[in-house]
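I would like the entire structure built from these sequences, with the hints used as guidance.
Top to bottom, those sequences are chains A and B. Count along the first sequence from 1, then add 195; that gives the number in our numbering. Count along the second sequence from 1, then add 195; that gives the number in our numbering.
Just so you know, the hints here were simulated from the structure itself, not pulled from any lab data. Please note: incorrect hints may appear among the correct ones.
With the Cβ distance kept under 7 angstroms, some of the chain B side facing chain A (calculated, not the full set) [stated by the list, open to error]:
id	residue
1	T242
2	T272
3	L290
We put the CB at the ideal spot given by N, CA and C, even for glycine.
So the chains spell out like this:
There are 2 protein chains.
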Amino acid sequence: MTVSITDVAEATGVSASTVSRALRGRPGVSEEMRARIVAAAADLGYTASRSASSLASGRTYTIGVVVPYVGRWFFGTVLDAAEKVFSAAGYDVLLYNLGSPEARKRFFTKLPIRKRVDAVLSLLIPDPEEAAALRSLDVPLATTVGGARPGFTVVGIDDRGGAESAVRHLVNLGHRRVGMISGASEPLHWTTPLDRRQGYLDVLADAGIEPDPALEADGGYTVEGGERAMTELLALRHPPTAVFAQSDEMAMGALRSLRRHRLRVPEDVSVVGFDDHELSEVVGLTTVAQPVAAQGREAARLLLARLDEPDAGPPRPVEMPIRFVLRETTAPPHSGRQR
Amino acid sequence: MTVSITDVAEATGVSASTVSRALRGRPGVSEEMRARIVAAAADLGYTASRSASSLASGRTYTIGVVVPYVGRWFFGTVLDAAEKVFSAAGYDVLLYNLGSPEARKRFFTKLPIRKRVDAVLSLLIPDPEEAAALRSLDVPLATTVGGARPGFTVVGIDDRGGAESAVRHLVNLGHRRVGMISGASEPLHWTTPLDRRQGYLDVLADAGIEPDPALEADGGYTVEGGERAMTELLALRHPPTAVFAQSDEMAMGALRSLRRHRLRVPEDVSVVGFDDHELSEVVGLTTVAQPVAAQGREAARLLLARLDEPDAGPPRPVEMPIRFVLRETTAPPHSGRQR
DNA sequence: CCCGGTTGCGCAAGCGTTTGCGTTCGGATT
DNA sequence: AATCCGAACGCAAACGCTTGCGCAACCGGG
Chain A
196 MTVSITDVAE ATGVSASTVS RALRGRPGVS EEMRARIVAA AADLGYTASR SASSLASGRT
256 YTIGVVVPYV GRWFFGTVLD AAEKVFSAAG YDVLLYNLGS PEARKRFFTK LPIRKRVDAV
316 LSLLIPDPEE AAALRSLDVP LATTVGGARP GFTVVGIDDR GGAESAVRHL VNLGHRRVGM
376 ISGASEPLHW TTPLDRRQGY LDVLADAGIE PDPALEADGG YTVEGGERAM TELLALRHPP
436 TAVFAQSDEM AMGALRSLRR HRLRVPEDVS VVGFDDHELS EVVGLTTVAQ PVAAQGREAA
496 RLLLARLDEP DAGPPRPVEM PIRFVLRETT APPHSGRQR
Chain B
196 MTVSITDVAE ATGVSASTVS RALRGRPGVS EEMRARIVAA AADLGYTASR SASSLASGRT
256 YTIGVVVPYV GRWFFGTVLD AAEKVFSAAG YDVLLYNLGS PEARKRFFTK LPIRKRVDAV
316 LSLLIPDPEE AAALRSLDVP LATTVGGARP GFTVVGIDDR GGAESAVRHL VNLGHRRVGM
376 ISGASEPLHW TTPLDRRQGY LDVLADAGIE PDPALEADGG YTVEGGERAM TELLALRHPP
436 TAVFAQSDEM AMGALRSLRR HRLRVPEDVS VVGFDDHELS EVVGLTTVAQ PVAAQGREAA
496 RLLLARLDEP DAGPPRPVEM PIRFVLRETT APPHSGRQR
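Next comes the structure, spelled out in structure tokens:
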């Protein structure tokens with residue numbers, strides 16, 4: 196058997212209660228005794244059973260993190276940063292990867308997280324029912340993706356403003372036909388695509404450009420989707436001279452399509468993305484940078500703060516700064532040879 | 196208070212034992228009673244407390260996954276795939292992200308995982324001491340990264356053979372000065388860099404090419420490192436005409452460096468990578484593809500199998516297939532204009 | 001020298017399950 | 001009709017901690 200609290204109690208000649216108090220830094224133990232207990236525990240290689248301690252105390256020292264796709268850069272990066280904050284504070288992380296509809300359904304009906312976590316960080320936007328299920332857990336909730344629900348601490352960015360800066364850049368370069376590669380909002384109940392689209396429309400209106408629905412294509416926030424979308428746009432009678440992709444992944448897909456069509460970037464077509472993916476610098480993509488890891492860190496911190504200060508209500512939404520990054524995929528229209 | 200097992204026991208007029216047996220599919224309960232209990236449980240929204248049940252049963256229905264960097268594509272992809280298998284089987288995943296030395300040290304000394312998991316999937320190579328710590332948990336262990344330790348179920352690929360196919364491709368194209376961008380094995384106790392290097396050396400020997408130590412540069416398995424390494428190689432009196440990067444990330448860094456030096460790929464320099472990163476197709480990188488997600492799935496499956504069949508010893512190592520992928524970053528030397 | 005207040009520790013009652021064993025009961029076997 | 005037996009269920013003892021409470025021993029102040 197593995198060593199239990201009574202083993203270290205016997206080894207030091209005290210009761211289990213004292214061992215528990217000593218190891219957890221509770222008052223009521225003399226410093227001398229505490230030192231002896233700590234030494235004995237280390238000596239025996241004792242670690243408290245989490246099951247037992249959380250059963251007894253009600254605290255699990257575990258945070259649930261639910262994400263749509265761990266494999267995607269954005270979510271992986273947020274998770275990475277958040278996990279570091281949690282584990283540094285002594286919390287473990289329970290990961291739920293809800294990419295497939297089945298996994299998602301299973302999660303929200305069985306709610307395996309119930310009674311297992313002290314707080315939840317959700318990187319996916321729950322629909323109203325799902326949000327209610329999470330609230331029923333009665334623990335602090337947070338999210339780093341747009342589309343806040345009541346009860347959630349939200350850390351995010353100004354999606355609309357970011358999109359505006361990207362599109363304004365294109366317009367300022369002289370582009371009049373600027374396309375957009377976006378992603379559907381449904382079924383993710385996700386406001387980011389909507390906000391970024393609004394920013395796009397704002398700038399066009401501002402510049403007196405009539406928006407053309409044909410210039411909007413759906414890229415589903417994936418590389419392949421971006422490629423398909425760009426190909427669609429190129430098939431138009433009057434293709435755009437510049438494209439705003441709502442994510443860098445889609446922008447990269449667009450670059451690929453352009454390369455296949457033997458079009459030069461930025462001479463023939465300009466492309467600007469959004470997110471500042473880790474590989475965007477590699478391909479020289481002009482984009483709007485958002486502090487992804489910082490958002491994960493911040494959300495984690497706010498969650499921990501609420502655990503320490505349970506009476507304080509949910510904090511105000513936090514908006515992190517964004518930054519336009521000029522690289523090499525944008526230029527005035529038809530700056531090179533004509534095609 | 197949240198609903199407990201006694202609540203559903205009272206609601207059905209039976210004892211808690213019967214409820215437990217009914218809900219867990221144990222024998223000793225009539226089908227009629229089981230149905231009533233299941234209905235009542237669903238009605239009340241009852242979920243067993245994991246803490247209590249694992250305290251009583253010793254099973255935690257949780258798998259520990261330890262990774263060096265969740266944010267990196269390779270690990271994120273493996274994790275994604277493995278988590279799906281685990282959660283479909285009813286297991287939760289406890290994630291430990293051990294990127295920093297402090298986090299790593301904290302994990303292996305406190306071993307917060309003890310008594311919390313039924314098995315461990317390690318995506319980092321433990322040093323001998325760390326491996327011993329993991330074995331002391333007395334649960335099935337698995338890994339998907341080269342450098343197996345005794346006691347671990349290992350799922351991997353033929354790194355040496357993969358490297359050989361990449362380098363052979365370059366040599367067959369006519370390259371004689373082929374450089375390599377690698378990564379240090381220490382302090383990760385990682386045999387992958389060594390194996391891939393051996394493949395490189397094998398092919399050179401085979402082709403009667405004298406290996407030149409100056410043509411090997413350290414890229415640390417990161418994009419930036421790859422860029423630095425390529426820059427070093429270009430500074431050589433006789434730079435290589437082709438480069439084998441031990442990972443696609445480093446290859447992309449190399450591409451970036453080449454672009455900055457106004458060298459064309461593949462006309463001036465050929466580049467081949469390893470891994471088939473999700474964005475490699477986007478940049479047209481010739482590489483060696485390994486089934487990353489499949490490795491995660493397979494490792495997870497093997498772990499679950501060992502949980503069901505505890506007496507069976509650790510299974511033989513599994514080697515997954517690899518595949519050379521020809522794209523657009525390789526060509527015969529000096530195939531374009533000279534520089 | 002007596003007494004109220006600390007300080008340091010042990011006792012024991014949980015926390016919500018699981019599970020070995022005991023009991024009851026209806027039906028099949030002699 | 002007496003017996004045996006398995007099926008269905010209840011009892012109660014863990015599992016390994018946490019924590020409110022009680023009780024000595026000790027402190028300094030009047």
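Hints versus structure:
For B:T242, the interface hint holds, since its Cβ comes within 7 angstroms of a Cβ in chain A; the closest pair sits about 5 angstroms apart. Interface restraint check: B:T272 against chain A, minimum CB-CB distance 5 angstroms, threshold 7 angstroms, status holds. Residue-level restraint check for B:L290 holds (minimum Cβ-Cβ distance to chain A is 4 angstroms; threshold 7 angstroms).
Checked against the numbered hints given earlier, the structure satisfies every one of them.
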